[in-house]
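Number of protein chains: 4
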Amino acid sequence: MVNVGIIGGAGYTAGELLRILIWHPQAHINFVQSTSHRGHPISDVHRDLLDETNLMFSEADFQAIDVLFICSGHGKTKLFLEENVLPANVKIIDLSTDFRPRTNGNGFVYGLPEINKEKIERADKIANPGCFATCIELGLLPLAKENKLKEEVHVNAITGSTGAGQNPTSTSHFSWKNNNVSVYKAFTHQHLAEITETVLQLQPNFNKSINFIPVRGNFSRGIMATIYTDCDWSVEEAIEKYKSYYKNHPFVSITNIVPDVKQVVNTNKCVLYLEKHGSKLMIISVIDNLLKGASGQAVQNMNLLFGMPEILGLGLKPIGF
Amino acid sequence: MVNVGIIGGAGYTAGELLRILIWHPQAHINFVQSTSHRGHPISDVHRDLLDETNLMFSEADFQAIDVLFICSGHGKTKLFLEENVLPANVKIIDLSTDFRPRTNGNGFVYGLPEINKEKIERADKIANPGCFATCIELGLLPLAKENKLKEEVHVNAITGSTGAGQNPTSTSHFSWKNNNVSVYKAFTHQHLAEITETVLQLQPNFNKSINFIPVRGNFSRGIMATIYTDCDWSVEEAIEKYKSYYKNHPFVSITNIVPDVKQVVNTNKCVLYLEKHGSKLMIISVIDNLLKGASGQAVQNMNLLFGMPEILGLGLKPIGF
Amino acid sequence: MVNVGIIGGAGYTAGELLRILIWHPQAHINFVQSTSHRGHPISDVHRDLLDETNLMFSEADFQAIDVLFICSGHGKTKLFLEENVLPANVKIIDLSTDFRPRTNGNGFVYGLPEINKEKIERADKIANPGCFATCIELGLLPLAKENKLKEEVHVNAITGSTGAGQNPTSTSHFSWKNNNVSVYKAFTHQHLAEITETVLQLQPNFNKSINFIPVRGNFSRGIMATIYTDCDWSVEEAIEKYKSYYKNHPFVSITNIVPDVKQVVNTNKCVLYLEKHGSKLMIISVIDNLLKGASGQAVQNMNLLFGMPEILGLGLKPIGF
Amino acid sequence: MVNVGIIGGAGYTAGELLRILIWHPQAHINFVQSTSHRGHPISDVHRDLLDETNLMFSEADFQAIDVLFICSGHGKTKLFLEENVLPANVKIIDLSTDFRPRTNGNGFVYGLPEINKEKIERADKIANPGCFATCIELGLLPLAKENKLKEEVHVNAITGSTGAGQNPTSTSHFSWKNNNVSVYKAFTHQHLAEITETVLQLQPNFNKSINFIPVRGNFSRGIMATIYTDCDWSVEEAIEKYKSYYKNHPFVSITNIVPDVKQVVNTNKCVLYLEKHGSKLMIISVIDNLLKGASGQAVQNMNLLFGMPEILGLGLKPIGF
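Residue numbers (numbering that gives the first Met the number 0), protein chains in the order written: chain H, 0 to 320; chain P, 0 to 320; chain C, 0 to 320; chain W, 0 to 320.
It cannot be assumed that every hint is accurate.
Just so you know, same-sequence chains aren't split out, so a pair can sit in one copy or run between any two.
Mimicking DSS-like on lysine-lysine, the simulated pairs with C-alpha atoms at most 30 Å apart in a straight line are [to be verified]:
hint, residue 1, residue 2
1, 246, 90
2, 184, 246
3, 116, 246
4, 240, 184
5, 246, 118
6, 149, 90
7, 246, 207
8, 242, 184
Keep in mind that the hints were calculated from the coordinates and are not lab data. Keep in mind it's a predicted model, so treat the numbers as computed, not measured.
Can you make the complete structure from the sequences, with help from the hints?
Listed below in structure tokens is the structure:
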């Protein structure tokens, strides 16, 4: 049994962690820390957990745990680690962006099991990938592995609203967002560096731009990335390479039917689909931004950190509709 | 040409007023006051008005206008009128709740043309009705007129999100509200008093309760109220009475097909539908909460105040889908 | 291990059964019958099951199973049972309306565990309740148990689109239904008889009408029923009675915060909430129409039929957002 | 007054035409033909027109009209014109794809006023552009005009569900489409040829591919196209060129705030927005697919055909929310 603590327990990603860990057969939740809600039942905030747990938000107790999930928000993990000394044996899974950049020898392993599984199994600290980054990287890894990224990569990715967190703002307002879509941070999204680093890990000579246009979708969960680039593989070759790359990765599937976002919502899966048009290889990649794009992947990393089956506790019922 | 001023120009109801008045053949907008946005183009806030107007948010100039629409929010109109002296000839249409209670001789006429048309035509100050109130009252007026409200009245009404205004809150957050419905203020909604007063105007002996359950719908615009009560009319009689009551009221229609909310979205219409089951007469009433439930009705009142055709500028294209 | 067969495997309820049973620790799916899709992978139809199963739609093999789920659609179970002879040991869980009426001694037990748990444990054939019926009955059972239904019961219930099945029609068309709500079958819905029979089982002297207005909601999953009737309990008494009634029923929770539909979506839970206004007790009841309202309850019944823990395989991650 | 006839009156585009023409000050609707609904009120099908018209679906009477709108569906206009002889003076506006290809000297003028205004003013027959085509072409015209399309053009465009028409199918089913997005016809959409022809009209040397990925959005109305290509203009130059190109075109606006789809829903407007990133010029173009993308543009063409102001009857209230 793995003893778990959660920092920043009132946010979206902590809620998703709790929804998974409550039913995880080898996890025991020791504490869920929240400054703002301390002393209140966690089901007052995450109301769908009513009667599934009687945990209260509390202070952290680092002595009691084997692993700490940090869900504090971008920029706050660094601060947290400066202000707190954890016991040496406590492993860390950080869901923020703080330690994703790999250039600075920060001791964190980038927690994308589909590229770093062995490293993760031996690691103590995991920087859990971003949601857009996960979705797009899984679409590109087999190409990078084979040194096939020779030209610009074109990416349009539409995300559910939960990707923007729970803070209410003008662009999270239902009256505005309902039935509406819009572009934001085109060509400049902060996940671009993360994606490029991951590609370079497999294909160090990659030197073209990734033209990435993020879109705010009018749905709650999920990301669909549509990617294309020049590639001399036939579609059959590409499918074979992708299947081969992912054959030991239980959460990535290759489909031969055009996928849709809801096919993966409420699961830890990534579904990939390939088409060829002229010289262009098109890859469609869909994930649930809160699961494979955040908390589900965090649990996948926990399973690997502690030598458990990668899929333990992650056999989640899809939403379907 | 009627010269118009608007107070509180950045909110939802002011935006709707502007969308109507810009194309109104007999209205000229003199100023749109907003404390928070003064000096900025109104199309920076109401972005769909880009290139349809070059008006800027400004201070008020009461000397220049014939009518003032007050869109400041509930409780603020009283304050405004205490702090400002308007020229005697300036008529007022207030969209807040402040002057809707009729018991206190406040000089405001309740601006529901389907019960008070003649009074409105002679009035100087209009208290524009609430959105739920309008929808439900239009469903009850013919019954009250004929003294038929003898038993409890049961009302369930579901509203679009714009009814709650533009302030971002946890219950206006897209991630929560999307695909979600919930009850609020059951049996205690503030429009109940307004509805009861209107019913009593036509049927002073009404002394039963109106059991009103408001529901937050996961759509932006519209209200559907489902109403039933005991009534000894046959459905044919009821339809005849309703048609007769509304024959001189151009915005109320009686349909013989079960209506849906989108049938009236983006119009100033109210569509009513009647069924009889045992002793119960059921009335379904649908309106657009921002138009017949707010700004459209305000323009309808303006038309009546200035002796113009009631429908002028209100021939609006429905959304359809 | 319970060997399972499914008839009518291509529909919504069969899909939900499969999503649950694939991860159920004591269920083995022997066949999924479908006339229209025989020979194709079930993940071609239920695409979110890609790589979670390699089952194909096939013919039925009644010798191989312990329990048969019939998902064929209303009216077809009777026909099926006339045309097929099942081995004596095969238990049946029927998801259609065909055997829900209890007046005719048809050998089926009405599969609402919260009223019939012991009967279900000893049964061979289960008539799985309707979705509206489940949601409304769970709101009424504690009142009926205490003989408290003395006056008319008022019910407004809004349902997700999946309640209407997968056949594409004008009222299931996205362009129409999106952002739209409408009433259907007011006072005449076919579940009324089912609800009344269940109430009479606990309170045989109940002789008032249940005024039931069903509403088509613009969301995919979930039902929210708002119910009220005269009752002399205080709200505290009512809450105590409800908690007491449901204390051995793991899927029913009493909340003290107004619930919303998404709180239970993708779970087998029913959440109940109580308020008192004057003489009226109001009950809000929310369920997922495809789970507690159909396939989740069917699995709950299977668990009871075979002496397994009631919640086995039903620890489902809620959708949350 | 222009006398109007409509063929194929029961579909989405005919409904939109009617919603506009009923309030058009210089249009009189003589007949609305529909084979399937002949003899029924048009408000039985287009229910939001209840009490706004008492027109019935009828047979066509070509002698009575000045202009015929053909809304029959793709492939049927050719058939219609083979089977019917129209009086010489009757002008035609065809909303299908049948006569959009311009290579065959078919006598139809491509009805995009922003490139062909003078031709349209002198024309008798108009091929009304496609919705995706309109949205994307308006984003490209100023570049083509200045001979600036030198490299591949990358286009991702997401459309509302009404673009797929009213026939209910599995991909128009609310339960599937709600909260869902998916790609279709990537790189092969039938509007590509139309777009390329229009670009070539202004820049005959254009010989690169337009990589076009259409996406099904989970909203009813609107298209957002995101376009980018290499261009040596600065963003300031680009904005100036675009403003200059469209200065005499009242329905095209250039915004300096990232636009969203709802900004134009229920209007005939196209809003364009420009950004520059490295060598890439990005253009975002939003329209309402049923208005500027179909029926609104058809009325705009009617206005030009008959020498009326281009915006007559097209001062439509935006939906806003």
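Verification of the hints:
{"no.": "1", "hint": "246 with 90", "verdict": "within (28 Å within a copy, 39 Å between copies)"}
{"no.": "2", "hint": "184 with 246", "verdict": "between (34 Å within a copy, 29 Å between copies)"}
{"no.": "3", "hint": "116 with 246", "verdict": "within (13 Å within a copy, 45 Å between copies)"}
{"no.": "4", "hint": "240 with 184", "verdict": "between (32 Å within a copy, 24 Å between copies)"}
{"no.": "5", "hint": "246 with 118", "verdict": "within (18 Å within a copy, 48 Å between copies)"}
{"no.": "6", "hint": "149 with 90", "verdict": "neither (38 Å within a copy, 53 Å between copies)"}
{"no.": "7", "hint": "246 with 207", "verdict": "within (28 Å within a copy, 38 Å between copies)"}
{"no.": "8", "hint": "242 with 184", "verdict": "between (32 Å within a copy, 24 Å between copies)"}
Going through the hint list in order, the structure does not satisfy hint 6, though it satisfies all others.
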